[in-house]
Amino acid sequence: MQADSLSFIFLNTVLANNFVLAMFLGLCPFLGVSGKLSTAIPMGLATLFVMLVSSVSAYGVNLLLVALDIEFLRLIAYIAIIASAVQLVEMSLKKYSPALFRSLGIFLPLITTNCAILGLALFQTFRDYNFAQSVTYALGAGTGFILAIALMAGLREKLVLSKLPTVTQGAALSLMLGGLLSLSFMGFAGLGGAH
Amino acid sequence: MSRRTDNRITWETFSEGLWKENPVFVMLLGMCPVLAVTNSAINALAMGLATTFVLVASGALVSLLRSFIPKQVRIATYIVIIATFVTMVDYVIQAISLDLYNALGAFIQLIVVNCIILGRAEAYASKHRPLKSIVNALGMGTGFTFALLCLGVVREVLGSGSLFGISLFGDHFQPWVVMVLPAGGFIVLGAWLLLFDWLKQRQALPQEEKAHAG
Amino acid sequence: MNTESAQVQQPSTPASHIIAVLTGIAMISGFLVVLTSQLTAPFIAENQRIAIEAAVTRVIPGSVSHKEFILSDDGLKPAEKGAEGQRIYAGYDASGKLLGVAAKAAAQGYGGMIYLLYGYDPACECIRGIKVLKMAETPGLGDKIIKDPDFQANFDRLDARLDPSHMALLHPIVTVKHGSKKEAWEVDAISGATISSKAVGKALNRSAQSLLPRLLPLIGELEVAGK
Chain U
1 MQADSLSFIF
11 LNTVLANNFV
21 LAMFLGLCPF
31 LGVSGKLSTA
41 IPMGLATLFV
51 MLVSSVSAYG
61 VNLLLVALDI
71 EFLRLIAYIA
81 IIASAVQLVE
91 MSLKKYSPAL
101 FRSLGIFLPL
111 ITTNCAILGL
121 ALFQTFRDYN
131 FAQSVTYALG
141 AGTGFILAIA
151 LMAGLREKLV
161 LSKLPTVTQG
171 AALSLMLGGL
181 LSLSFMGFAG
191 LGGAH
Chain W
1 MSRRTDNRIT
11 WETFSEGLWK
21 ENPVFVMLLG
31 MCPVLAVTNS
41 AINALAMGLA
51 TTFVLVASGA
61 LVSLLRSFIP
71 KQVRIATYIV
81 IIATFVTMVD
91 YVIQAISLDL
101 YNALGAFIQL
111 IVVNCIILGR
121 AEAYASKHRP
131 LKSIVNALGM
141 GTGFTFALLC
151 LGVVREVLGS
161 GSLFGISLFG
171 DHFQPWVVMV
181 LPAGGFIVLG
191 AWLLLFDWLK
201 QRQALPQEEK
211 AHAG
Chain Z
1 MNTESAQVQQ
11 PSTPASHIIA
21 VLTGIAMISG
31 FLVVLTSQLT
41 APFIAENQRI
51 AIEAAVTRVI
61 PGSVSHKEFI
71 LSDDGLKPAE
81 KGAEGQRIYA
91 GYDASGKLLG
101 VAAKAAAQGY
111 GGMIYLLYGY
121 DPACECIRGI
131 KVLKMAETPG
141 LGDKIIKDPD
151 FQANFDRLDA
161 RLDPSHMALL
171 HPIVTVKHGS
181 KKEAWEVDAI
191 SGATISSKAV
201 GKALNRSAQS
211 LLPRLLPLIG
221 ELEVAGK
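As you go down the protein sequences, you meet chains U, W and Z in turn. Here the first sequence stands for residues 1 to 195, where the numbers follow our numbering. Here the second sequence stands for residues 1 to 214, where the numbers follow our numbering. Here the third sequence stands for residues 1 to 227, where the numbers follow our numbering.
Hints were generated in silico from the structure; no laboratory data involved. One or more hints might be untrue.
[To be verified] List of simulated lysine-lysine pairs, DSS-like, C-alpha gap at most 30 Å:
(1) W/Lys200 with U/Lys163
(2) Z/Lys104 with Z/Lys182
(3) Z/Lys77 with Z/Lys134
(4) U/Lys94 with W/Lys71
(5) W/Lys200 with U/Lys36
(6) W/Lys127 with W/Lys20
(7) Z/Lys67 with Z/Lys134
(8) W/Lys200 with U/Lys158
(9) W/Lys71 with U/Lys163
(10) U/Lys95 with W/Lys20
(11) U/Lys158 with U/Lys36
[As the list claims (entries may be wrong)] Just some of the chain W residues that point at chain U, by a computed CB distance under 7 Å:
(12) Leu28
(13) Cys32
(14) Leu35
(15) Ala36
(16) Ile79
(17) Leu110
(18) Gly170
(19) Ala183
(20) Leu189
In this text, a Cβ means the ideal position worked out from N, Cα and C, and glycines have one as well.
The following block holds chain U by itself, in its conformation from the complex (with noise of 0.2 Å):
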């Protein structure tokens, strides 16, 4: 597979360059929002979604910043944009299916300060993506996220029903066990380099 054609950008996000397990992005709802799948999985989903809508805005942007030669707004353009792709997605979903804004609404505005969307639109402009490439990217970051945090989830939902010392019960636990799934997730670390 050839490093810059979609197929190993989607995969190489998901798997081997997994944005919470192996670039540390959005690790606060990684943590925060673990406890259940069926909350985990909304949340995730969210993510994707907006990830999705940003990439493309930032693609747009970062043209325009490009072409006006003023690269140095870059982040507060994309801060920005980001916060309006948050609202609008809020907004249209709240009009457009009411049932998917109960399920993911009171997500959306966590999203905002999730920094895997300003990472997601800082990396693909570092590495001058166009804009098919941009969007796989943003669709395997969003599906490694969700992947992430149900793999998290799932662990945790059944470590409650085992015994562990107290001193244990609290993020370190969440951490280790993070630690361990980004240490078998390394597993992918090969994958489209073989021959």
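Fit chains W and Z to the given chain U structure using the hints.
Same frame as chain U, now just chains W and Z:
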């Protein structure tokens, strides 16, 4: 209301960020940079200093402008202020050292979404005088830098066998590479948290026993 | 929903005030950003120049001075601001003899783009060294492309001869599986870092294929420029 207008700056103003409300070990905020850039001590130190600068500068500006900023748009305003200082730090680090800039990568710009900074602007700087906000932000920044260094030192010593780039063990040392890899970040932070929780529990135990005895 | 209730609670702030404050903040922030970018620009340029200087010295072994040129369809020009074309660096020894030419190459690696500088020696028609300028490869695996001595040895004399038509390389530069390098134009991959190694080979091949056919007819000009 009387507490809000309490203008005295005490040791407490500074020190709460160091230990009692340490942003990383106690409040678990700003985890992305904590794990991502702490694969060496020098990166950890640079990231800590950059974050401290943004914390202090945005805290000062938010505090100065606190009576002008309308409630409805306060978050947007804070984010613009923070993004401004982050962009400045980004340029300054590029001017200081390209190697450092390349090592930290996009994580300098990701300081914008570090929840500590927005959190302190909202919870502290918007309610206190500039000087007090600055002192508090300095404390928080120091606490954050301290936490980053805790991780960076452990990960660099175990993972690369060096400290601040200086080799410690000589050539026969087989580095524990997993420590500088992402998985090591999670595990080292988890271990630090375990240690602190355990210490806290041990401190609490004698007090409980006393309470029972009394 | 929160914003709605906040607006209901505080109808006192007029829109004009909000706009005034936001404009004010935007002006302050714009001023600070522009000021910083202007103030730091010379330092950043200087840092980049030092980094390039060090890299050129490394990829053209023995060179003590260099000159920057812009290669475009109109031929060679001394590097100036705003000139269009590809930037190349000619390295000379103390007596002004041309030792080699360095140019930048880039390719998509494992964790992002890999940018590198490579030195071409017209005397042996080969690549004499590479220096990674910027990359985001995995620590402990992909980042071996920077330091791994066996990998660096690939570029001691990497064959980059042109074919008889002088339009392309005689043998394209390819990265081969670790331990299977047989020919002088092959790059032996690092085991466990195949993608990163391949990216380096690809970057070199792509850049050399397009640069060398245009550069070789002009080598004479570069030699004269050193005197």
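Practice task
Tell me, in ascending order, the numbers of any earlier hints that this structure violates.
Solution key: 9, 10, 18
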